[in-house]
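K.L.:
Assemble the whole structure, with the sequences as input and the hints as a guide.
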Amino acid sequence: MDSIFHEKWFNLNSLLTGPELISDTYLALFLAQLQQEGYSIFVIRGNLPECEAEQILAFMRVHQQQRPRLIGEEEGQTSSGYHCLTWNPDGPPL
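If you're matching positions, the sequence shown starts at 58 in the working numbering and goes up one per residue.
For the record, the hints were derived by calculation from the structure and aren't laboratory data.
Keep in mind that a hint or two might mislead.
Stated by the list, open to error - Within a straight-line C-alpha distance of at most 20 angstroms, the following computed EDC-like cross-link-like pairs (lysine to aspartate or glutamate) qualify:
1) K65 to E111
2) K65 to E77
3) K65 to D81
To be verified - The following label-pair restraints were derived from C-beta to C-beta distances:
4) L73 to R118: 19 to 25 angstroms
5) M117 to G95: 32 to 38 angstroms
6) W66 to Q93: 15 to 21 angstroms
7) G129 to R102: 31 to 37 angstroms
Beta carbons: idealized from backbone N, C-alpha and C, even for Gly.
P.N.:
Below you can see the structure in the form of structure tokens.
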């Protein structure tokens, strides 16, 4: 039986449109990449006040269906400036 106490990790990059859920397996790789790129990583330790989100996450499995985009990035556009299109063999791109 799964424990109800699961740690959740989020990328709170202020350049994103919202928080990004990060898996336990990806966390170490993600932090190493950020450090290599020269970003600051802040660790907060101690007894922090509980919040409603923490209570909800304690009892629900979380799956992020869509990753947040960079602020100013239009939907369907990547950070490199190219637009992502889905090809439909029966008609025009979607």
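K.L.:
Next step is simple, just say for each hint if it's right about the structure.
P.N.:
Verification of the hints:
no. : hint                             : result
1   : K65 to E111                      : holds (9 angstroms)
2   : K65 to E77                       : holds (11 angstroms)
3   : K65 to D81                       : holds (8 angstroms)
4   : L73 to R118: 19 to 25 angstroms  : holds (22 angstroms)
5   : M117 to G95: 32 to 38 angstroms  : holds (35 angstroms)
6   : W66 to Q93: 15 to 21 angstroms   : holds (19 angstroms)
7   : G129 to R102: 31 to 37 angstroms : holds (33 angstroms)
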